[in-house]
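J.: In case you want the letters, here they are:
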Amino acid sequence: MTVPIATSQTILVVGGGISGMTAALEAAECGKDVVLVERSATLGGRTALLYRYFPKMCHPTCGLEINLRRLKANRRIRVITMADVQSIGGSRGAYTATLKVAPRYVNENCTACGECEKAVAAEVSNPFNYGLNKTKAAYLPHAMAYPQRYVLDPSVIGTADADKAKAACKYGAIDLDMAAETIEINVGAVVWATGWKPYDAAKIQPYGYGRFANVVTSVEFERMADPAGPTGGKLLRPSDGKEAKNIAFIQCAGSRDENHLRHCSRICCMASLKQTQYVREAHGDTAKSTIYYIDIRAIDRFEDFYRNVQNDSTVTFVKSKVARIAEDKNGDPILHGVDTEGYHRYATAHDLVVLAVGMEPESNGIRLPDDIVCDSSGFIEGSPDGGQIGAGASASPLDVNRSVQSATAAALRAIKVIHKTASAEMAQK
Amino acid sequence: MSESNKAANTVAAAAVARYRNNFLKEVEERVEDGDMVKMCMQCGVCAGSCPLGPHWEHSPQKIFMMIRAGKRDEVLSSDSMWMCTSCYNCIVRCPRQLPITHIMHGLAHYANRLGMVPKGQPTRDIAKLFWDNLLKTGRVNELKFSLAMYFKDGFVQGIKNALAMQGIGLSLMKAKRLSPMEIIGGHKCKDQSGIQKMIAKAREIEDRRRGALA
Chain A
1 MTVPIATSQT ILVVGGGISG MTAALEAAEC GKDVVLVERS ATLGGRTALL
51 YRYFPKMCHP TCGLEINLRR LKANRRIRVI TMADVQSIGG SRGAYTATLK
101 VAPRYVNENC TACGECEKAV AAEVSNPFNY GLNKTKAAYL PHAMAYPQRY
151 VLDPSVIGTA DADKAKAACK YGAIDLDMAA ETIEINVGAV VWATGWKPYD
201 AAKIQPYGYG RFANVVTSVE FERMADPAGP TGGKLLRPSD GKEAKNIAFI
251 QCAGSRDENH LRHCSRICCM ASLKQTQYVR EAHGDTAKST IYYIDIRAID
301 RFEDFYRNVQ NDSTVTFVKS KVARIAEDKN GDPILHGVDT EGYHRYATAH
351 DLVVLAVGME PESNGIRLPD DIVCDSSGFI EGSPDGGQIG AGASASPLDV
401 NRSVQSATAA ALRAIKVIHK TASAEMAQK
Chain B
1001 MSESNKAANT VAAAAVARYR NNFLKEVEER VEDGDMVKMC MQCGVCAGSC
1051 PLGPHWEHSP QKIFMMIRAG KRDEVLSSDS MWMCTSCYNC IVRCPRQLPI
1101 THIMHGLAHY ANRLGMVPKG QPTRDIAKLF WDNLLKTGRV NELKFSLAMY
1151 FKDGFVQGIK NALAMQGIGL SLMKAKRLSP MEIIGGHKCK DQSGIQKMIA
1201 KAREIEDRRR GALA
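Protein chains in written order, with the working numbering: chain A, 1 to 429; chain B, 1001 to 1214.
Incorrect hints may appear among the rest.
No more than 20 Å apart at the CA atoms, straight line, and that leaves these computed lysine to aspartate or glutamate pairs for EDC-like [said to hold, decoys possible]:
(1) B:K1071 with B:E1057
(2) B:K1038 with A:E258
(3) A:K242 with A:E108
(4) B:K1201 with B:D1132
(5) B:K1071 with A:E341
(6) A:K420 with A:E29
(7) B:K1136 with B:E1204
(8) B:K1038 with A:E341
(9) B:K1128 with B:D1035
(10) B:K1038 with A:D295
(11) A:K203 with A:E258
(12) B:K1197 with B:D1132
Just so you know, these hints were derived from the structure itself, not from any lab.
Start from the sequences, fold in the hints, and give me the full structure.
T.: Next up, the structure:
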């Protein structure tokens, strides 16, 4: 690939989710040059995997489309997908970033016609549905993918499938000789927008995620509700494919727990309140949602959303952190615990259990530059000299709305760094 | 109750008077790990995780709330904390990492010192027999301990218990796990008075730390 032109007045944004896109766009629309680096094959991040947003219950497609239009209209942003930041050296105003770009095996001739997908036989686990289903080894990540280009899974390279894909392509877009590249760029400021990942629910042993088929996570449930998801938008139990009508939501699955994530993930209460409305949409008055909670934290302006859900006759609230889940012979999860309002012991069966898993920084487990400071949960605060800035859910557990605000603030800080660098350079001349 | 214990209790009663209407503070200062009680966020995982949960009158979660609500007599005269078998399920699962097991033991111990344990509480009775037995020689005399258990509810019941357990006793003797000679003196540690002094000193330090003698 051609190495982008970048100088000490360029801003590097790491991560192409909603925060990274926002930071990049805000900075670029202020006239700054931006390199936006994304690890996966498409921009959009975890936002693109949501079915609907709270509180307005609108679809993320809308917000993403606006941002993608802004992106296409702006010449100052250079997007590099399938790229990992290997290291960042130097200091405020003068960083050298080393990027490793993985081969996509599809070049810019691709028109997303889909012939290669039809040609290949091999299937791989679909990361854009959290592995709930499979996708062909030549795939478009999702309908809103940017760049709107196919990807060839590296597992088929060297097999007959790869040749079939190449033969099927009328545009000469498949290039099986692509190799990983390492490039170096100079930048003046770095915005870390590496986002979050759902906490590994299997670590919450008493809840049986991974052992009981009908215990799923909130992010998986979000995909199940999406018509583009693995079940075509039907709320089906993984064990037997029956429709799930009586669904339990367990709050603080991993969050506010010294044994797991010590912070409150902030979004999960609203996410579950929102998801009860998916159940209502699917089954009307025969739906049955039960939220097991310690406290409902409908942060900021969302108290009215909470009140509306409280008034919904299909939704019940049980003030109790579930102690453990067992499974009966029908595959129904049985929730055991004691409620706090009266200390009643319960053992309640549901069709499906949704664990409202907490937000963990995606950067946990990845070695960040030495001068990056993180909080006790691993959320990025930035570098003390101000040259590297945390944005969005990499900096704090935030919903989409707040991530956009955080990213805009981060863009402003990065612009300040660039201005100072520029004036220092002018003074030297 | 010995004379010294009675005297200690009188002092203790005076010492607790200053906690009137603030049972949480009393627990914080005088019960082992009692300072952690206020960290409870009432999620209920301990109550739901306790294997003996259905058999307690008050779950740990409820006891913590009762402490905050100042229900001193209800808590200290309850036999709930005596039901704890130290399985540590609650400690392992507590999202706030409260040492719940230790607090239960601390509350039981404190209630015992104040003489507020319900009469005939079996856990307390066996603990006391065991402790007295151990303290005498510095070693547990299993024969005397078993006999004390048999006869704790009177002579006739004692004979009945002993006859019921006869088979096990004889088998233990045959397997050389129980010596009838233990009835006279029995094995003991080398410095009996030394160990008693040590325990007495430890108790004095503990009392001072908990403010019972202050």
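J.: Now look at each hint and say whether the structure bears it out.
T.: Right, here's what the structure says about each hint:
A C-alpha spacing of about 14 Å is found between K1071 of chain B and E1057 of chain B, which places the hinted pair at or below 20 Å, so the restraint holds. Annotation: proposed proximity of K1038 of chain B to E258 of chain A holds, straight-line Cα distance about 16 Å (limit 20 Å). For the suggested pair K242 of chain A and E108 of chain A, the alpha carbons sit about 43 Å apart, so the restraint of at most 20 Å is broken. Straight-line distance between C-alpha atoms of K1201 of chain B and D1132 of chain B comes to about 16 Å, which keeps the hinted pair within the 20 Å bound.
About 18 Å separates the Cα atoms of K1071 of chain B and E341 of chain A, which keeps this hinted pair within 20 Å; it holds. At most 20 Å may separate the alpha-carbon atoms for a hinted pair to count; K420 of chain A and E29 of chain A meet this at roughly 18 Å. Of the pairs offered as hints, the one joining K1136 of chain B and E1204 of chain B holds, with about 18 Å between alpha carbons and a cut-off of 20 Å not exceeded. Taking the CA atoms of K1038 of chain B and E341 of chain A, the gap is near 18 Å; set against the 20 Å cutoff, the hint holds.
With a C-alpha separation of about 26 Å, the suggested pair K1128 of chain B and D1035 of chain B falls outside the 20 Å cut-off, and the hint is violated. For the hint pairing K1038 of chain B with D295 of chain A, the CA-to-CA distance comes to about 17 Å; that is within 20 Å, so the pair holds. At roughly 13 Å between alpha-carbon atoms, K203 of chain A and E258 of chain A fall within 20 Å of each other, so this suggested pair holds. Of the supplied pair hints, the one linking K1197 of chain B and D1132 of chain B holds, its CA atoms being roughly 14 Å apart against a limit of 20 Å.
Violated hints for the displayed structure, listed by number in ascending order: 3 and 9.
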